[in-house]
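Q: Listed below are the residues making up each chain.
Number of protein chains: 2
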Amino acid sequence: MPEIPSKLLAGAVDEMASLPGIGRKTALRLVLHLLKQPKESVERFSNSFIRMHKELYQCEICNNISDTPVCSICSDKSRDTSIICVVESIKEVMSIENTMQYNGVYHVLGGIISPMEGIGPSDLKIDSLIERAADIKVNEIILALSTTMEGETTGFYLYKKLLSCNVMVSIIARGISFGDEIEYTDEITLGRSIKDRQPFKS
Amino acid sequence: MPEIPSKLLAGAVDEMASLPGIGRKTALRLVLHLLKQPKESVERFSNSFIRMHKELYQCEICNNISDTPVCSICSDKSRDTSIICVVESIKEVMSIENTMQYNGVYHVLGGIISPMEGIGPSDLKIDSLIERAADIKVNEIILALSTTMEGETTGFYLYKKLLSCNVMVSIIARGISFGDEIEYTDEITLGRSIKDRQPFKS
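Sequences listed follow chains A and B, in order. The first sequence begins at 0 in numbering that gives the first Met the number 0 and counts up one residue at a time. The second sequence begins at 0 in numbering that gives the first Met the number 0 and counts up one residue at a time.
Since the hints were made in silico from the structure, they are not lab data. Keep in mind that a hint or two might mislead.
Said to hold, decoys possible - Stretches of chain A that chain B covers, calculated by requiring three or more beta carbons in the stretch to come under 8 Å of a beta carbon on chain B:
id, stretch
1, 21-35
2, 49-59
3, 68-78
4, 81-95
As the list claims (entries may be wrong) - Restricting the straight-line Cα-Cα distance to at most 20 Å, the calculated cross-link-like pairs of lysine to any residue (SDA-like) are:
id, chain 1, residue 1, chain 2, residue 2
5, B, K35, A, L55
6, A, K6, B, E54
7, A, K160, A, P114
8, B, K136, B, V168
9, A, K6, B, N97
10, A, K160, A, S113
11, A, K35, B, S113
12, B, K124, B, E59
13, B, K6, A, I95
14, B, K38, A, Q57
15, B, K124, B, E149
16, A, K6, B, R50
17, B, K53, A, L33
18, B, K136, B, M167
19, B, K6, A, I49
20, A, K35, B, E91
21, A, K124, B, H32
22, A, K24, B, K6
23, A, K136, A, Y101
24, A, K35, A, Q57
What the hints assert, rightly or not - Residues from chain B that keep clear of chain A, each with C-beta distances beyond 10 Å, as calculated:
id, residue
25, K38
26, S121
27, S176
Nothing here was measured: the structure is a model prediction, and the numbers come from that model. Virtual Cβ for every residue (Gly too), placed ideally from N, Cα, C.
Using the sequences and the hints given, assemble the complete structure.
A: Right under this line is the structure:
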């Protein structure tokens, strides 16, 4: 990486390179692109992050991000508030919404239990989940966490915690993905998909 | 790409995705990273681009970017101002400086002649180059442009223009790269490297 001849430019490159997955060479390329843009574009670019950071709400109910104190999902009267789908972050909310297969509400944990990264249950929005689950109107909690070690650990922890809430706890189906070839499916997934087989529906 | 539930977030993602080579999925990942940072970090991040754009100078002599009206290279008394190396952009200035093999000064064209992208000679800093080259104290102009069609065209154009300036025009050496295997070198490069062979120096 060549030395940058300007402190102002070097500062901007350092900031850009602080983003995850952006190396210093890429950062330099992006910053030089910004440098070529008109003043208004650079101001709009930069201010969009400040404004987003300042004005975004975390939904009071589910912790989803929102332009309003209560998010568009929680405030949607047509959603079924008796089912709560527990996810790690807003990315999973977006992914599940995108399937258009779910009409319940969400609970965003804001992370996942990971001793390796020093994230314990107290760092996550678990207390508020238990509170919501204890509501008599809530019938089901769906755990939609990643099938990683951390995801499984978090799921098991939540399951134990939710036992006292008198609520059904379910977990999203695991099995072979659409388009997967059986031959190349790993044995844990394949074994589980045989064990959890479903009645054939035509 | 899932739909983004917040206009503020979507706006920030759009801005991030306007950077070259950053798709919307990556943009979302980067913006969500920013969202998790403290307010001060996001402000420092954003303001670094605005400040850079506002406060950077284009060197009055060579068009290199600079924190001062005349860049650090042009104002360095130890540099040889009788040799001017012509480059496309400040990226090449940085690359050549990094080799520590050059003690002359530069001239940044600010682009390269490219009819495909609608960039003609008048869009580049060519007049000021001719003006500098006409100075009796300038002995040599080195063309350090890419070996692409556009680079060759630009080089040829500059060569013709510089004929009237009574200055030596040279071009950086082309040949096989350090570490290249002859077997896999393309024939134009290999042919040229044989034609332009140099006396062996031990």
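Q: The structure should be examined with respect to each hint, and the outcome stated for every one.
A: Outcome of the hint check:
Coverage of the stretch 21-35 of chain A by chain B holds in this model, with 10 residues showing a Cβ closer than 8 Å to a Cβ of that chain against a need of three. Counting residues of the stretch 49-59 of chain A whose CB falls under 8 Å from any CB of chain B gives 7; the rule of at least 3 is met. Under the rule that three or more residues need a Cβ within less than 8 Å of chain B, the assignment of the stretch 68-78 of chain A holds, with 3 such residues. Only residues whose C-beta sits within less than 8 Å of a C-beta in chain B count toward coverage, and the stretch 81-95 of chain A has 6 of them, enough to reach three; the restraint holds.
Restraint check for K35 (chain B) and L55 (chain A): satisfied, since their Cα atoms lie roughly 12 Å apart, inside the 20 Å limit. About 11 Å separates the Cα atoms of K6 (chain A) and E54 (chain B), which keeps this hinted pair within 20 Å; it holds. Pair hint K160 (chain A) plus P114 (chain A) holds up; C-alpha atoms about 18 Å apart against a cutoff of 20 Å. As the CA atoms of K136 (chain B) and V168 (chain B) are separated by approximately 14 Å, the hinted pair is consistent with the 20 Å bound.
Using a Cα cut-off of 20 Å, the hinted pair K6 (chain A) and N97 (chain B) holds, with the two alpha carbons roughly 17 Å apart. A hinted pair counts as satisfied when its Cα atoms are at most 20 Å apart, and K160 (chain A) with S113 (chain A) qualifies at roughly 17 Å. For the given pair, K35 (chain A) sits about 17 Å from S113 (chain B) by alpha-carbon distance, which is consistent with the 20 Å threshold. Restraint check: the Cα-Cα separation between K124 (chain B) and E59 (chain B) comes to about 11 Å, which is no more than 20 Å; the hinted pair holds.
Taking the CA atoms of K6 (chain B) and I95 (chain A), the gap is about 19 Å. The hint holds against a cut of 20 Å. Our distance criterion of 20 Å between C-alpha atoms is met by K38 (chain B) and Q57 (chain A), whose separation comes to about 15 Å. This hinted pair checks out: K124 (chain B) and E149 (chain B) have alpha carbons roughly 16 Å apart, not beyond 20 Å. Restraint check for K6 (chain A) and R50 (chain B): satisfied, since their Cα atoms lie roughly 11 Å apart, inside the 20 Å limit.
Annotation: proposed proximity of K53 (chain B) to L33 (chain A) holds, straight-line Cα distance about 11 Å (limit 20 Å). Between the alpha carbons of K136 (chain B) and M167 (chain B) the distance comes to roughly 12 Å, so the proposed pair stays at or under 20 Å and holds. Between K6 (chain B) and I49 (chain A), the direct Cα distance comes to roughly 14 Å. Compliance with the 20 Å bound is thereby established for this hinted pair. Restraint check for K35 (chain A) and E91 (chain B): satisfied, since their Cα atoms lie roughly 16 Å apart, inside the 20 Å limit.
Our distance criterion of 20 Å between C-alpha atoms is met by K124 (chain A) and H32 (chain B), whose separation comes to about 19 Å. About 31 Å separates the Cα atoms of K24 (chain A) and K6 (chain B), which puts this hinted pair outside 20 Å; it is violated. This hinted pair checks out: K136 (chain A) and Y101 (chain A) have alpha carbons roughly 18 Å apart, not beyond 20 Å. Among the hinted pairs, K35 (chain A) with Q57 (chain A) is inconsistent with the structure: their alpha-carbon atoms are about 36 Å apart, more than 20 Å.
Remark: the non-interface label on K38 (chain B) conflicts with the geometry, its nearest Cβ contact in chain A lying 6 Å away (cut-off 10 Å). Separation of S121 (chain B) from chain A is adequate, the least Cβ-Cβ distance of about 18 Å exceeding the 10 Å criterion. With a least beta-carbon separation of about 18 Å from chain A, S176 (chain B) lies farther than 10 Å from that chain, consistent with its non-interface assignment.
When held up to the earlier numbered hints, the structure conflicts with 22, 24 and 25 and fits the remainder.
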